[in-house]
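Undergrad: The chain contents come next:
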Amino acid sequence: MSTVRHRPEGLEQLEVQTRFSRKELQILYRGFKNECPSGVVNEDTFKDIYSQFFPQGDASTYAHFLFNAFDTDHNGSVSFEDFVMGLSILLRGSVQEKLNWAFNLYDINKDGYITKEEMLDIMKAIYDMMGKCTYPILKDEAPRQHVEIFFQKMDKNKDGVVTIDEFIDCCQNDENIMRSMQLFENVI
Amino acid sequence: MAAGVAAWLPFARAAAIGWMPVANLPMPIAPTEKNKRQDELIILNVSGRRFQTWRNTLDRYPDTLLGSSEKEFFYNEETKEYFFDRDPDVFRSVLNFYRTGKLHYPRYECILAYDEELAFFGIIPEIIGDCCYEEYKDRKRENAERLLDDQEDNKDSKLPNMTFRETMWRAFENPHTSTMALVFYYVTGFFIAISVITNVVETVPCGATPNQKDMPCGERYTVAFFCMDTACVMIFTVEYLMRLFAAPSRYRFMRSVMSIIDVVAILPYYIGLVMTNNEDVSGAFVTLRVFRVFRIFKFSRHSQGLRILGYTLKSCASELGFLLFSLTMAIIIFATVMFYAEKGSTSSKFTSIPASFWYTIVTMTTLG
Chain Z
1 MSTVRHRPEG LEQLEVQTRF SRKELQILYR GFKNECPSGV VNEDTFKDIY
51 SQFFPQGDAS TYAHFLFNAF DTDHNGSVSF EDFVMGLSIL LRGSVQEKLN
101 WAFNLYDINK DGYITKEEML DIMKAIYDMM GKCTYPILKD EAPRQHVEIF
151 FQKMDKNKDG VVTIDEFIDC CQNDENIMRS MQLFENVI
Chain P
1 MAAGVAAWLP FARAAAIGWM PVANLPMPIA PTEKNKRQDE LIILNVSGRR
51 FQTWRNTLDR YPDTLLGSSE KEFFYNEETK EYFFDRDPDV FRSVLNFYRT
101 GKLHYPRYEC ILAYDEELAF FGIIPEIIGD CCYEEYKDRK RENAERLLDD
151 QEDNKDSKLP NMTFRETMWR AFENPHTSTM ALVFYYVTGF FIAISVITNV
201 VETVPCGATP NQKDMPCGER YTVAFFCMDT ACVMIFTVEY LMRLFAAPSR
251 YRFMRSVMSI IDVVAILPYY IGLVMTNNED VSGAFVTLRV FRVFRIFKFS
301 RHSQGLRILG YTLKSCASEL GFLLFSLTMA IIIFATVMFY AEKGSTSSKF
351 TSIPASFWYT IVTMTTLG
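Read top to bottom, the protein sequences are chains Z and P. For the first sequence, position 73 (counting from the first letter as 1) is numbered 73 according to the UniProt record's numbering, and the numbering increases by one without interruption. For the second sequence, position 36 (counting from the first letter as 1) is numbered 36 according to the UniProt record's numbering, and the numbering increases by one without interruption.
Because the hints were derived from the structure by calculation, they are not lab data. Take the hints with a grain of salt, since some may be wrong.
To be verified - A few chain P residues that face chain Z, going by a derived Cβ cut-off under 7 Å, partial list only:
no., residue
1, Trp8
2, Ala12
3, Ala14
4, Ala15
5, Met20
6, Met27
7, Ile29
8, Gly122
9, Ile124
10, Pro125
11, Ile127
12, Gly129
13, Cys132
What the hints assert, rightly or not - Beta-carbon label-pair distances, calculated as ranges:
no., chain 1, residue 1, chain 2, residue 2, range
14, Z, Met178, P, Asp63, 35 to 43 Å
15, Z, Val16, P, Arg141, 55 to 63 Å
16, P, Arg55, Z, Glu148, 28 to 36 Å
17, Z, Gln145, P, Arg141, 55 to 63 Å
18, Z, Gln145, P, Gly129, 24 to 32 Å
19, P, Asp89, Z, Met178, 55 to 63 Å
20, P, Asn96, Z, Gln17, 30 to 38 Å
21, P, Glu126, Z, Thr72, 38 to 46 Å
22, Z, Arg22, P, Arg141, 35 to 43 Å
23, Z, Asn42, P, Asn96, 19 to 27 Å
24, P, Arg55, Z, Leu11, 54 to 62 Å
25, Z, Gln152, P, Asn96, 49 to 57 Å
26, Z, Asp111, P, Arg50, 57 to 65 Å
In this text, a Cβ means the ideal position worked out from N, Cα and C, and glycines have one as well.
When you get a sec, could you build the whole thing from the sequences and use the hints?
TA: Listed below in structure tokens is the structure:
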């Protein structure tokens, strides 16, 4: 069995392409390579790592969607470049870019529209991840209700799908969401 | 949390973007680390050998010596390094634990030295990885057993006030403790030998008397042999009762192999006394006399070598049992085959499968 070995592009190139400093890239790469010595993350390792942060629930479905969002070239594995580009957008990108990324996450089949089914899948994945230890205890129809609320808010022309413009528009007008987006500044 | 996964924390926090647009309330602020300093290399000088690692690596396990502020006690201001006067070889394993999250036990290390180092650095041995855990446990057990043996040997040297019973038991178990014990030891040994020789000589043909044909000595000198047997059995019975009295745990003593051998050795005599001349049972009684030969096993109290042989057999009991089992399987298979193969011919000796067992056994053990 040949192990997939992947070497990332040079440090300088990544410095240019992402908004991380050299030192930050070094720290990120060390952590990445420690957990994935072969240089790429496959979906199982991804799920494994993510589940360790959410031990009380089942984070595998959400991790699956996350993996697809990080894996921009859809080759089944996330290399360090994919990883660091994604992180660069999420942590250092503009609000527009972040919202774009979130839309991409929700749009499971990447067709440019979020349907109710896709949203329901995502919602269920998030609820699964939270597990049964939430307060107050969530009922089983909670995901569906949540999706309804979301669509009522986002779907302006009531055509049953949410496009990227509707999404970004609505989020920019929502104070809570804007405030939450600011929190990403100090994560690394 | 595994060691390296802590480095993925920014990623986990970034992934929270997924539920932000759907959340009903604004997200709480992420906790920031109080003194967030840049990661730096620290030098650990262990008896001259310098190890270097990132400070973050050591911080992964804050309840150990290296991960907590306890290491500051070992900080050397002039050389700007942490000096530990410990074994650098074992320290390798300790440091690898921080790096990889797995603690390995190297085979060549002495178990006690390893344990001491782990204790010094505040690492509990239970987190040894599965790959090395068996080895570690085995070595620990061997060490504990050896310590126990040593303790038992050392116990002889100190003699607190023991009760009469305890003295007796010690005398029985270890004949070199007192002269009485030694005398008792030799006397019982002598009588075991006499008893065995008697049993053997009993069956030797003694020479013909004028009026009768050749008969074994036992039948010629019945009274003499009977007296000898009685004497031996009396000595053995007294010995058994004395041991039973002196044993610290009578129940355990009665269950031990040696005491069972004692009982089996003297029982035929008493059974013979009880059943006098009942014709039916005397046939069975004669068979019981065979058990007198077990007296020879009483020698194992006198011979360490025999005891070692016994322990060896006991410790390979499972392997020997398996050997027996596989031989039995083979015997049954071949006996069946032989039986059915010869079934056609009328004059075959293999009248049934059990009847073919003898042939199979004799052939398989190459006796012929």
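Undergrad: Evaluate each hint against the coordinates.
TA: Structure-based check of all given hints:
| no. | hint | verdict |
| --- | --- | --- |
| 1 | Trp8 | 6 Å, holds |
| 2 | Ala12 | 4 Å, holds |
| 3 | Ala14 | 4 Å, holds |
| 4 | Ala15 | 6 Å, holds |
| 5 | Met20 | 5 Å, holds |
| 6 | Met27 | 4 Å, holds |
| 7 | Ile29 | 6 Å, holds |
| 8 | Gly122 | 23 Å, violated |
| 9 | Ile124 | 21 Å, violated |
| 10 | Pro125 | 24 Å, violated |
| 11 | Ile127 | 17 Å, violated |
| 12 | Gly129 | 17 Å, violated |
| 13 | Cys132 | 20 Å, violated |
| 14 | Z:Met178 with P:Asp63: 35 to 43 Å | 41 Å, holds |
| 15 | Z:Val16 with P:Arg141: 55 to 63 Å | 60 Å, holds |
| 16 | P:Arg55 with Z:Glu148: 28 to 36 Å | 50 Å, violated |
| 17 | Z:Gln145 with P:Arg141: 55 to 63 Å | 59 Å, holds |
| 18 | Z:Gln145 with P:Gly129: 24 to 32 Å | 46 Å, violated |
| 19 | P:Asp89 with Z:Met178: 55 to 63 Å | 58 Å, holds |
| 20 | P:Asn96 with Z:Gln17: 30 to 38 Å | 35 Å, holds |
| 21 | P:Glu126 with Z:Thr72: 38 to 46 Å | 43 Å, holds |
| 22 | Z:Arg22 with P:Arg141: 35 to 43 Å | 52 Å, violated |
| 23 | Z:Asn42 with P:Asn96: 19 to 27 Å | 26 Å, holds |
| 24 | P:Arg55 with Z:Leu11: 54 to 62 Å | 22 Å, violated |
| 25 | Z:Gln152 with P:Asn96: 49 to 57 Å | 56 Å, holds |
| 26 | Z:Asp111 with P:Arg50: 57 to 65 Å | 58 Å, holds |
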